[in-house]
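Sequence order for the protein chains is A and B.
Residues in the first sequence are numbered consecutively from -19, following my numbering.
Residues in the second sequence are numbered consecutively from 2, following my numbering.
Some hints could be false.
[To be verified] Restricting the straight-line Cα-Cα distance to at most 35 Å, the calculated cross-link-like pairs of lysine-lysine (DSBU-like) are:
| no. | chain 1 | residue 1 | chain 2 | residue 2 |
| --- | --- | --- | --- | --- |
| 1 | A | 27 | B | 518 |
| 2 | A | 27 | B | 483 |
| 3 | B | 104 | B | 483 |
| 4 | B | 78 | A | 83 |
| 5 | B | 518 | A | 83 |
| 6 | A | 27 | B | 104 |
| 7 | B | 523 | A | 27 |
| 8 | B | 483 | B | 523 |
| 9 | B | 411 | B | 319 |
| 10 | A | 83 | B | 483 |
It is worth saying that the hints were derived from the structure and are not from the lab.
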Amino acid sequence: MLPNKGAQAGSTEGITNSPKATNRSSEVISVVRGYIARDLLQRIDLKLNDTVRLIEEGFLTSLQTVDLVMFLQHHFQVEIDPEEVNEDNFGTLASIAALVESKLDE
Amino acid sequence: MLPWSKVSSMSKIRYPEFTVYHLLLNTLDSNRDGIAIVDAGRGYSYAELGKQASSLAGTLLEQGLRRGDRVGIYLEKCWESVVAILAVAQSGGVFVNINPLLKEGQVHHIMANCGVRMLIADSAKLQGTSLPAVEATLCRGADCPPLSWSRKVMALSEALEHATRHPTATSAMENDLATIIYTSGSTGRPKGIMWTHHNLVAGAQIVSTYLENSCEDRVLSVLPFNFDYGLSQLTTMVRVGGTLVLPRSLLPGDILHSLRQDAVTGLAGVPPVWTLLLQNRRSLARQPLTHLRYITNSGGMIPGTYLEQLRQLLPQTKIYLMYGLTEAFRSTYLPPEEVHRGPACIGRAIPNTDIWVVDEEGRECAPGEVGELVHRGPTVAMGYWGDEEKTQAVYRPNPFAPPETREADKVVYSGDLVKRDEEGFLYFVGRRDELIKTEGYRVSPQEVEELLYSIPAIHEAAVFGEKDPLLGQRIVAVVSLKNGSHCVPEEIRELCSQKAPHYLVPRVIHLLREVPKTATGKIDRSRLRHEYAKGQD
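Extracted from the complex, chain B is given alone in its bound form (with noise of 0.2 Å):
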């Protein structure tokens, strides 16, 4: 039997989800009294984040903004920033989040790549900035300072409470773009990803059904927002009633605090993330986190030992590995009885989702043959702004449908290599273009980490390959060693000769302080490469 109010809640006729807003209106409401976001401490209530969102999406409207219109959101981390991403989303706008830690070269980058209208935005982090010219700027905190470059600048606090006369309702319906994302690729600099509400909304549905997410749940957020994995907590708990607990900062102890004083119970993270929690083992072998009743891992490959030491240290704790990029948000998931099967295995399809294992021909690949993983479903977003070229490379007709209908069905070409077991379940083998080429063997520059990653002094370690005449490419690694530790790259050589065949041994091993990451934690291989391989290939 389920509980009455459980039952009261589910008898309730919902709104159709079409788009964002309609996530918040549905939950204002089952649950409107619910926390919605707790930040600094003090908890906020979805009557307070439907009222404030309401207020600015309005006051926004005032100032100009149509349907369509780009707004670029430039905020630490707070509650601010969430109800700037709701407001711009019922307003009809696009919202563009832009990761705090970026300095005003890439800010200026992003804002006119996308012709950035009207921006929400820290005072502190516009003090001296010269951008591209908007519309207004809505600023939080003290002392806005002038900007020449925009129109108007108002106060971001006085827009939160303004009343509003416009009305409460949407523009936008679930073809409209919701939101650009900016992430970096190999070259170049950062392309934005259109992502429709129809985009947003399904990826919302499909990972808090398979997370089995109700309004019970307190999820950590310690992505940023700029990040499709980390704006997805945000989207599930909107569209179940939960709660999101943004974090003081990401330092062990904060991180344990949130965990406990909150009673967290999901906790989104890429493979750093597990090397803070992990500094706090001790005090979490004393004093498990009984409410945690989930994690999740995306945005690269857990290396084992953390996920050994996961499983033993978080014994009540259910551990989803995921896969996704950002072009079609989530691919697969690994339920977590499957987890045994070891951190390569990126599980099988998510919900209402087709993936593929393709080889170069186009052709499906049997069970054993590694194939370019390929993505069909309603989290395919629209294709990069501005970049037709790119768009058309990577969003191509789906090659299985009938010849009728596979233009108008696009799909997603990953550019990672995996292979499919006989039970179907995918593993990761590497990116394509990362694919390293040594002695006729054909490397995966994650497989050769795993091998690092198993000798104990090791703390971080990244892969690729370089131009050598004699083995076509040599494997080149960067590593970092655990404090206190000591070891020589001959030593770390001989360490991997013991356990793996020669070709798979690192050639050329560089030892550095730390091993350099991307903005939004992942290790920046295509940096590395660029910094240390000798010969491009």
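Chain A extracted, bound-state conformation (with noise of 0.2 Å):
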């Protein structure tokens, strides 16, 4: 039997992509990034770049970005209106981390 994966989605223990992380943007892309290589991917050993475009180059399906979004959500306790779901705002971890912290921020 598999584990049921979405019960580890709360934690981020384990992700060391960004050590030298002193800001709250590298941090929450640390957090994202962790997310999609570990648990949407499985592919520990992916580095993702904060502008590869996710989408387009096939790292993401768009099934893989609801289900990310969900973890955002549940992550960072902030709400993400299904339309805001689009190629600006999840287009490269740089852009999905500038939405995250708008969403901080308000």
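With the hints as a guide, bring both chains together as one complex.
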């Protein structure tokens, strides 16, 4: 029986992609990068650059992005409207972080 | 009374629709300034489409393209990918759409398998690749990389503006191969299905007839062009002079934005598309999509709960449930007024087509009996490229024709099990090779999936059988849960047991984050069976 990965959705342990993170933006990016690589793609060694086109280059499917949205809402305690789930906001790690930060500032 | 504009366009003499090029030619006559394509917010007219397709066709011919040569199109869905399809068709070549998500290994297989002679591709996708040798490559976007395997490398943008010396007519006729569509089967590497111009044109005629398409339609293109169902939105819109809207992405916000912004009238989807659209249920309830005239589903049965939600949220929209397989494009559709018959109902034969339900002895089944769906009509494709054995297994002589015409009259044996009710409506039962035989019962995976989808916590479900010494086969389910939901396999089994007899309840349940899909978005049951079934059967 495979474990249900959803049970670990809130955890960020084991993410070490940005050891020099000094500000909130790079922290958000590191959490999102870790979730995509470890939970969604199950490719722990994948190094995703902040500006890589996640959807266009086929790293994330649309359905996986919906999963990511649920995670972000839970982890950061923010609300993301489905209409905001678009290429502008979810095209890159940097744009996702910008969206989350704008929510945290509200 | 019809409005004058319609009368006048109807009275015009149209070219006989022999090839894909003739569909475009007619629309250039009737709706030259109409918008053909909306890409990244910009509209392109049919006049522009005709002009650029002619320029590109001319370039391909100047580069030595011969009638029947295969041309690979490995582009993101965009304006140029539409021009490329029509240009290759016009030039007399055979277009081979390659899913832009495919990587080097799979692209290599397709190009080598059908002997691609020229390639039209995104520059960025070709960086550092080693693909089979081609005569010429036309690159879209800056920085055409040097390609050791391509004799010539040119910029697509220049070919589109190129003043051609070649005539704009086409050398193709309707029996010529127009496209090869690669599709994944249950075994082996993708196989190419050969479609003639006649197949494509007949498909566009049939579909635009029952969907009642006109030049007023604006259809959102969410499915890839390398999928026959996705290509159909393009051919039908070109035929009627309507508009094809290319969305920015398939993310829920972008789909909804396109539907609203471009006042889309038609949307064709596979089941995962409805999952994405329904993320917006609150917005849809608040502000209904009043322009959306129809939606169509094919490529898998839509879960009953989604169908109900779509009917509620889109009360003015006609819902067409359809059935087809790439070997014969489209077989049946359910008229929207019959949609209450439920998601398993696939309706009746499309126009100009015979659909039979045939038992193992080759006789037509009585109502209620389960048999194989057999298709006869003008969309029956030519067979599998380079695979005569498989072609003969699927494309067989018409069993109901007199002996004198039987051999010449090829029909498609679908491998899908269906049954017909007393009124003549067809119901999907399952893939013949996926039917589960457990405890002496014949169980279709779809029936168990429907049962699982009736549990609110379940997001996606796929079911198959694995060998069991006692039961013959036992039912295995792979499911993902909706976020925020918690449910253990024991609870799922308990909920199933409350609603169904024990032989329909999965013995084994795997919980996954997401149920794997094929490149065209269908649940990949054969991959699941391969990965999770302990005893193959």
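Which of the numbered hints above does this structure break? none
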